[in-house]
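Visitor: I would like the entire structure built from these sequences, with the hints used as guidance.
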Amino acid sequence: MGPGEAESNRGEVPPSVAIGADVALSVDHLSKRFGDRLAFDDVSFTVGRGEVFGFLGPNGAGKTTIVRTLGTLLTPTSGSATVAGLPLTPENGVEIRRRIAVMPESPGLYLRLSVAENLECFADLYEVPRASERIANALELVNLTDRAGDACGTLSRGLRQRVALARALLSDPEVLFLDEPTAGLDPVAAREVHELIVGLRMRGVTIFLTTHRLEEAERLCDRVAILNTTLRTIGRPAELRDRLFPRTIAITTAAPIREPTQVFAGLPAVDGWRSDGGASYLLTVSDPTVAAPAVTRALVAAGADVLEIGQSQHSLEDVYLELISDDVEASGR
Amino acid sequence: MNLSTRRVRAIFHRELREYRRNRSIVVAIAIFPLIFLIQPLFVVFLAHDVSSASLSQMHLLLYMLAIPVLTPPMLAGYAVAGERQHGTLEPVLTTPIRREEFLVGKALAVLVPSAAIAYVVYALFLALVALFAEPSVASAIIQVPDILAQVLFTPLLGALSVWIGLAFSTRASDVRVAQQLSLLGSLPLVLVTSLIAFNVIHATLGLAVSLAALLLIADVLGWRAVSPLFDRERLVAGSR
Ligand SMILES: Nc1ncnc2c1ncn2[C@@H]1O[C@H](COP(=O)(O)OP(=O)(O)OP(=O)(O)O)[C@@H](O)[C@H]1O
Ligand SMILES: [Mg+2]
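Going down the list, the protein sequences come from chains A and B. Sequential numbering from 4 applies to the first sequence in this note's numbering. Sequential numbering from -12 applies to the second sequence in this note's numbering.
What the hints contain is simulated information worked out from the structure, not anything from laboratory work.
Facing chain B, a subset of chain A residues (Cβ under 7 Å, in silico):
| id | residue |
| --- | --- |
| 1 | Gly74 |
| 2 | Leu76 |
| 3 | Leu77 |
| 4 | Thr78 |
| 5 | Arg100 |
| 6 | Arg101 |
| 7 | Val105 |
| 8 | Pro107 |
| 9 | Arg115 |
| 10 | Asp127 |
| 11 | Tyr129 |
Listed next, the stretches of chain B that the computed footprint assigns to chain A, with coverage defined by at least 3 CB atoms under 8 Å from CB atoms of chain A:
| id | stretch |
| --- | --- |
| 12 | 0 to 8 |
| 13 | 72 to 82 |
| 14 | 211 to 225 |
The beta-carbon is built from N, C-alpha and C at its ideal position, and this holds for glycine as well.
Guide: Here is the structure:
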């Protein structure tokens, strides 16, 4: 587990982590503006070594710009950052790029060249030893061994995406930036990429992943950050859920309860209730393990036939939509 | 600064592979050499007033030095702007490559084929003249100092034309603009070689040596001059 595990509930990184050797990325009040347009503003976070860190945000939130900035392609307007152990300065550009790999938003392959030729070029640019072996490995990882000789121009979008991923794996990077790696992939291919990411994580590669797929972030990432020009929130997916939404218990009974207020009032750990239509009820609770048995007993005592009782889970998508719709409302004002 | 030869070679090889896969590039590269081959041949074989005396006043071989100057602009103009337009530049720039390595690789990938074509065309011309022209005409044209100058000045002029092209390619936001400006930027070099060829500027050993020295310096410093123009940020984020 990455150092994200050691975090406080607030999801803010303790300063001690930021200077440790176990930090892969540390970003401090970083901003980037293009003329009048702020691409991202005052962004601070830390990513531990070996962590899979998800970056979520709507179109134009600044995700790609952050990836490019941390990848030394753009100079930040203000703020500072450390990437793979090196301060993000122009002098460190070459050394930083040696330690990282970036899979950009668009694959940018040489379409007239074959898959293998594309990878050969990049193996040389990274000066990887035993290049042909590494190329074969990378192709195997993305399941493209049998297409090695095909011109990239003849590949489908998803296959090109996988070539770009193989290209990013050639140099055995410490930190891997993936800008929407599963965009345009079919479910099976996306699942393969997910498995690949899990595999890389087990080998200790730090992964910075931007995505629009919330279930992907939820499944893969130790922590996620939600960005909309400024950082909206950061933390483990489960933590974000708890922070934003009260825990709830959903109950369905065979027939509507006659006096629900009397049944639910005063039960331990139950903070409130509301009808969810018909014979269904939603209870906000502070501790489901205490509330659920008490609620069950109270319902039985009241003569209600319980069909179903369970914790209702908010997804990361709910968190995301909640935060981003706040932004939309705020900007509409 | 020490450049990584492996990275320079990577850029060079990739570029040559690309030319080989792209017939239209090969055709486009061949246009200027053919034009500058046909015209001297016309003078030698078809012009009526051609005499060995008037030919020996000129340096027809030097006229052909326009080939290494005019072949590079199209390729060099494309080199950076084209990659940028196709979105292939960003992945390259995320690797540890230095801009100097990138530029030197690109420059070689333009210079080597351009110079090679020039040499092939010269050889063709000399062979045709030696075999089929009147002996007096042939001996007026084929002068050892001219051949030496042609061999020596081809890479020197070519390299300068390459750097001019790369400078425009690095700054321009559109490939066509870059290629057009590169061509315009190289024309003054053709003017100089043509004036010498037609004896308006008298070719002397002193002129040749100082011109060669000047070109050599410009060629060697070319990558240092073009490098500052190569701004990652503008190339990645600037308007396309
Ligand atoms: N080169 C540029 N010049 C001017 N503005 C830019 C440039 N690149 C990005 N921006 C602006 O910065 C903001 C952030 O863009 P960015 O591409 O980082 O968003 P993103 O989060 O990656 O979006 P998406 O999900 O659509 O990929 C946008 O408003 C965008 O228009
Ligand atoms: Mg993006």
